[in-house]
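2 protein chains.
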Amino acid sequence: MTQTAGLKGSSSMLDQARERMAEVLGEDTVLDEESRVREFHDPYEGGNAKDYQPSFVVQPATVEEVQAIVQIASEFGIHLWTSSMGRNFGYGGSAPVVNGSVVLNLRRMNRILEINEEAGYALVEPGVRFFDLYNELKARGSKLMMSVPDLGWGSIIGNTLEHGYGYTVNGDNASAACGMEVVLASGDVVRTGQGAITDSPLWQRHKRGFGPSLDSLFMQSNFGIVTKMGLWLMPEPEIFTTGSVICHNDEDIAGLIDALRPLMLDGTIQGHPLIVSSPEPPEGRRFSPMDDTTGQSKKARLSATLPPGRWDARVSFYGPSAIVKAREETLRAAVSHLPGVTVELRTYPGGVDPDQVHPLDLVPAGIPNMFLLDMMHKHFGESIGHIDFSPVIPFTGEAAARHEAMVQQILDEAGLVAGFGWIANSRSLVGACMVFFDVNDAGEARAARDAVRKMCARAAEWGWTEYRAHPALIEDITSRFDFNNHALHRLYTSLKDALDPAGILSPGNHGIWGTANRLAD
Amino acid sequence: MTQTAGLKGSSSMLDQARERMAEVLGEDTVLDEESRVREFHDPYEGGNAKDYQPSFVVQPATVEEVQAIVQIASEFGIHLWTSSMGRNFGYGGSAPVVNGSVVLNLRRMNRILEINEEAGYALVEPGVRFFDLYNELKARGSKLMMSVPDLGWGSIIGNTLEHGYGYTVNGDNASAACGMEVVLASGDVVRTGQGAITDSPLWQRHKRGFGPSLDSLFMQSNFGIVTKMGLWLMPEPEIFTTGSVICHNDEDIAGLIDALRPLMLDGTIQGHPLIVSSPEPPEGRRFSPMDDTTGQSKKARLSATLPPGRWDARVSFYGPSAIVKAREETLRAAVSHLPGVTVELRTYPGGVDPDQVHPLDLVPAGIPNMFLLDMMHKHFGESIGHIDFSPVIPFTGEAAARHEAMVQQILDEAGLVAGFGWIANSRSLVGACMVFFDVNDAGEARAARDAVRKMCARAAEWGWTEYRAHPALIEDITSRFDFNNHALHRLYTSLKDALDPAGILSPGNHGIWGTANRLAD
Numbered sequence: 001m002t003q004t005a006g007l008k009g010s011s012s013m014l015d016q017a018r019e020r021m022a023e024v025l026g027e028d029t030v031l032d033e034e035s036r037v038r039e040f041h042d043p044y045e046g047g048n049a050k051d052y053q054p055s056f057v058v059q060p061a062t063v064e065e066v067q068a069i070v071q072i073a074s075e076f077g078i079h080l081w082t083s084s085m086g087r088n089f090g091y092g093g094s095a096p097v098v099n100g101s102v103v104l105n106l107r108r109m110n111r112i113l114e115i116n117e118e119a120g121y122a123l124v125e126p127g128v129r130f131f132d133l134y135n136e137l138k139a140r141g142s143k144l145m146m147s148v149p150d151l152g153w154g155s156i157i158g159n160t161l162e163h164g165y166g167y168t169v170n171g172d173n174a175s176a177a178c179g180m181e182v183v184l185a186s187g188d189v190v191r192t193g194q195g196a197i198t199d200s201p202l203w204q205r206h207k208r209g210f211g212p213s214l215d216s217l218f219m220q221s222n223f224g225i226v227t228k229m230g231l232w233l234m235p236e237p238e239i240f241t242t243g244s245v246i247c248h249n250d251e252d253i254a255g256l257i258d259a260l261r262p263l264m265l266d267g268t269i270q271g272h273p274l275i276v277s278s279p280e281p282p283e284g285r286r287f288s289p290m291d292d293t294t295g296q297s298k299k300a301r302l303s304a305t306l307p308p309g310r311w312d313a314r315v316s317f318y319g320p321s322a323i324v325k326a327r328e329e330t331l332r333a334a335v336s337h338l339p340g341v342t343v344e345l346r347t348y349p350g351g352v353d354p355d356q357v358h359p360l361d362l363v364p365a366g367i368p369n370m371f372l373l374d375m376m377h378k379h380f381g382e383s384i385g386h387i388d389f390s391p392v393i394p395f396t397g398e399a400a401a402r403h404e405a406m407v408q409q410i411l412d413e414a415g416l417v418a419g420f421g422w423i424a425n426s427r428s429l430v431g432a433c434m435v436f437f438d439v440n441d442a443g444e445a446r447a448a449r450d451a452v453r454k455m456c457a458r459a460a461e462w463g464w465t466e467y468r469a470h471p472a473l474i475e476d477i478t479s480r481f482d483f484n485n486h487a488l489h490r491l492y493t494s495l496k497d498a499l500d501p502a503g504i505l506s507p508g509n510h511g512i513w514g515t516a517n518r519l520a521d
Numbered sequence: 001m002t003q004t005a006g007l008k009g010s011s012s013m014l015d016q017a018r019e020r021m022a023e024v025l026g027e028d029t030v031l032d033e034e035s036r037v038r039e040f041h042d043p044y045e046g047g048n049a050k051d052y053q054p055s056f057v058v059q060p061a062t063v064e065e066v067q068a069i070v071q072i073a074s075e076f077g078i079h080l081w082t083s084s085m086g087r088n089f090g091y092g093g094s095a096p097v098v099n100g101s102v103v104l105n106l107r108r109m110n111r112i113l114e115i116n117e118e119a120g121y122a123l124v125e126p127g128v129r130f131f132d133l134y135n136e137l138k139a140r141g142s143k144l145m146m147s148v149p150d151l152g153w154g155s156i157i158g159n160t161l162e163h164g165y166g167y168t169v170n171g172d173n174a175s176a177a178c179g180m181e182v183v184l185a186s187g188d189v190v191r192t193g194q195g196a197i198t199d200s201p202l203w204q205r206h207k208r209g210f211g212p213s214l215d216s217l218f219m220q221s222n223f224g225i226v227t228k229m230g231l232w233l234m235p236e237p238e239i240f241t242t243g244s245v246i247c248h249n250d251e252d253i254a255g256l257i258d259a260l261r262p263l264m265l266d267g268t269i270q271g272h273p274l275i276v277s278s279p280e281p282p283e284g285r286r287f288s289p290m291d292d293t294t295g296q297s298k299k300a301r302l303s304a305t306l307p308p309g310r311w312d313a314r315v316s317f318y319g320p321s322a323i324v325k326a327r328e329e330t331l332r333a334a335v336s337h338l339p340g341v342t343v344e345l346r347t348y349p350g351g352v353d354p355d356q357v358h359p360l361d362l363v364p365a366g367i368p369n370m371f372l373l374d375m376m377h378k379h380f381g382e383s384i385g386h387i388d389f390s391p392v393i394p395f396t397g398e399a400a401a402r403h404e405a406m407v408q409q410i411l412d413e414a415g416l417v418a419g420f421g422w423i424a425n426s427r428s429l430v431g432a433c434m435v436f437f438d439v440n441d442a443g444e445a446r447a448a449r450d451a452v453r454k455m456c457a458r459a460a461e462w463g464w465t466e467y468r469a470h471p472a473l474i475e476d477i478t479s480r481f482d483f484n485n486h487a488l489h490r491l492y493t494s495l496k497d498a499l500d501p502a503g504i505l506s507p508g509n510h511g512i513w514g515t516a517n518r519l520a521d
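Protein sequence lines, in the order shown, are assigned to chains A and B.
The numbering of the first sequence is this note's numbering, which starts it at 1 and goes up by one.
The numbering of the second sequence is this note's numbering, which starts it at 1 and goes up by one.
Source of the hints: derived by calculation from the structure; they are not laboratory data.
You may find that some hints are simply not true.
Pairs count within a copy or across copies, as identical chains cannot be separated in the list.
What the hints assert, rightly or not - SDA-like, lysine to any residue: derived pairs with alpha carbons at most 20 angstroms apart:
#, residue 1, residue 2
1, K143, A334
2, K299, R286
3, K143, L265
4, K298, L338
5, K143, G267
6, K299, D15
7, K143, E117
8, K325, A61
9, K325, W462
10, K325, I239
11, K325, G267
12, K325, E238
13, K378, G443
14, K298, S74
15, K138, E114
16, K138, R446
17, K50, R38
18, K325, S494
The following block holds chain A by itself, in its conformation from the complex:
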């Protein structure tokens, strides 16, 4: 089975399904003009792309409309590829694995159904962006704080279902999710956990019901379409302190990582620090994103947008002032032995106005923004694209150093640059390596993809694989999960066959194919 598996429904079936959807849901719900479908392609596919091509787009506004679409897709035997906002550009945006899939895009389902101030949660639909929830919290004068990823334009549910990260407390979105509503391929609507009790007061308060918890089953999968999700939010802290632990030499990374690990394990550092590698020597270099870098090297242009230092660990503390200060002292003591280390921290009151926040601190402040993309466009132009290499590695200095050396060597050989770093969990690091290319330069785009493939292969030798991936990499990655003759993927297939026997929903998502899809191939 490859990612170019043929369209299941014939073109005539597609036409009929499109007509039926327009009839049932209204013409405005179906996008089929090339110009309107364009943004649901891989935004970085360049010209002449042949793979991962959507046919048309359907945008329901309600759960009932999602059910109707699933029903029509079943009837005509066509594939639906679910996307929420489709903003995970480095992973292909809304582009389907199987050519000709209909993009079921959920942007119009954008209601914030509940914000519970006392219990600290929200219940949202898939079209709710980080921006939207932030604005609503502010409009209500809420004292709750969000965890946000680097760019605020994405869907909260979309990011969560992809195992995406923010950086603050609850930044592991998948762990902060609490309760879902899901439309199955049968058209049936399920609520998980306490939500399975009609009118439960606990759907977003307690993660489990009685019996197995299924929320994680609907993440990184194609077992259903998530139409509502609960999300835990933290209370706005009295203060928060955020900033950088900076090291200046290539060889400092192992020591820095090993110094951070105990602080993550015992919870001194909260949330998910980002450790950034900068490609330029740090002597005298400052964070200088507004400088004009025209004519400078790619590495210099990239460095201008990055936090200071050869290595920069972005750490944060939230809470009552006395506890935050004690955490800060503990951090300072724990890194003081690192050669030439500097610790640069800034403290803000909870609920600080965005205008008062250093650009690097917007994300730790839980304020959705577009700073990083704006800077990429400023320094590299509007046609910059990226493909991402995102392996999970052990949280050890040795692994991090090995990882970075491998990546840097492959980049240098290819003449490419990448935004590179790690998001820290308690016991693992998630690599974030955005390999940049000009989307109008087919050669550079190919080189970038080849480089990432090389990185994946080297990582696999060490038992590491990616936590998310562009569709072009999926089959490579799933092939690594080989224990007992790929038992886990055989189990995924059994589950897919049970929940979606005709293989309607997002075939090939994360390497999961039903038997029906394999037969159709």
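Got chain A sorted already, so can you dock chain B onto it with the hints?
What follows is chain B alone, placed relative to chain A:
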């Protein structure tokens, strides 16, 4: 379908299966004498019990033996009921839902396969008890600390799979689990998450692989037999401070709960505090478990074993000394407005010797023990049993007060006493109400069960249901999960049919029956 559904395999099939198992695994692996099977019954079933009766017991020592047993069970069409240690006495011990099930008991699979000091985890088999891991950590001079439940004799995996709680950081065992090995009904062996990569260095370090995470699917279910599980452990703190926030009047509970909630939401209090309700007026009452309470009222006997106060919230702080002290200050300030409140805290060094620890602090210290059961036996005699009422409720003072009043009224009407309190999560409380009875007093046992049924019915009116339950209560509880014509349970059935089409594994566990079981009924 009721819990007394008939034996699937005929008695002759059972005999043949037993012979085959003895042949393949050795005579010692099969227990069929009444005297040896006895402890795998509901320990509190009393005389003349007719329901939840095991036929015989099989105890494999390896994964391959589990596979062989599953194979034989499939061949003869008999039911296997999996138990690890079977120490969850208030929930029925190893007693199967379906009469005549063969207890697949995993006590002999008791290897600690790995303890990783640097990354803070252990990999264990189902027969490893909290006692065993603690002893091994001490024997190795480890600086890791466990979270333990009230009694240390249970299986770590068994407790985790039942969504059981400890009280410290990582006390929500299900959230601290990382990576499983599971034998499916097909006999296939699956490793979840990063474990699906052969020889992964990340199986116990990172919770997810590429695709949906399935660990939670094998908790509170009958979809597979967990034969290995990773467990996250915290580093031994520099110090820990633990103790009680005590209130003295009936009406204080709402204020106490509401004062604790923000401290849980922002992480000031770590782990999972237990809030204990004591049935006796607190004037002058001390924790006095060693007193002779012969001839005193049930309430007085119970109170002697409980921490002081009408209400006692057991809170703990772990970590570097400066942070622990700041947490303590924050707590003291946050409860100071409660009328007549007293805060009694004790501070210990990490890794403290058990002999130096107050009996009430053994559990917060992560030291497995049997204190609570010993005290029950001392004050109520060896024939004391209990049945538990354990609903999840919102973390609000109002809900807690309503819950306690309802329970107390039903207990008083029935002339029963119960150990009663809540385990706190960030946004929910899990009720723990152990209704005591004399197992030799059939009338009292019946009264206790009736009382718990009444409590369940009242709780259901408020949208609350139990997070765990005795087999006798399962069908009641699952009937509450009624959203969209019981969509969640219909989904469970689909999953069961996909993973165990013949319905071999633990039929009826948490109300999950495959279609095969329903047909057999």
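Taking the hints in turn, this is what the structure says about them:
1. K143 with A334: between (32 angstroms within a copy, 18 angstroms between copies)
2. K299 with R286: For K299 and R286, only the intra-copy Cα distance (14 angstroms) is at most 20 angstroms; the inter-copy one is 69 angstroms.
3. K143 with L265: between (28 angstroms within a copy, 12 angstroms between copies)
4. K298 with L338: neither (29 angstroms within a copy, 61 angstroms between copies)
5. K143 with G267: between (23 angstroms within a copy, 16 angstroms between copies)
6. K299 with D15: neither (48 angstroms within a copy, 74 angstroms between copies)
7. K143 with E117: This pair counts as within: shortest intra-copy Cα distance 7 angstroms, inter-copy 39 angstroms.
8. K325 with A61: neither (47 angstroms within a copy, 51 angstroms between copies)
9. K325 with W462: Neither, since 39 angstroms and 42 angstroms both go past 20 angstroms.
10. K325 with I239: This pair counts as both: shortest intra-copy Cα distance 10 angstroms, inter-copy 18 angstroms.
11. K325 with G267: The answer is both: 14 angstroms in one copy and 15 angstroms across copies each meet 20 angstroms.
12. K325 with E238: Both, since 12 angstroms and 18 angstroms are each at most 20 angstroms.
13. K378 with G443: Result: close neither inside a copy nor across copies, 23 angstroms intra and 80 angstroms inter.
14. K298 with S74: So K298 and S74 fail the 20 angstroms test inside a copy (49 angstroms) and across (63 angstroms) alike.
15. K138 with E114: within (14 angstroms within a copy, 48 angstroms between copies)
16. K138 with R446: neither (44 angstroms within a copy, 55 angstroms between copies)
17. K50 with R38: For K50 and R38, only the intra-copy Cα distance (14 angstroms) is at most 20 angstroms; the inter-copy one is 67 angstroms.
18. K325 with S494: neither (52 angstroms within a copy, 52 angstroms between copies)
In this structure, the earlier hints numbered 4, 6, 8, 9, 13, 14, 16 and 18 are contradicted, and the remaining ones agree with it.
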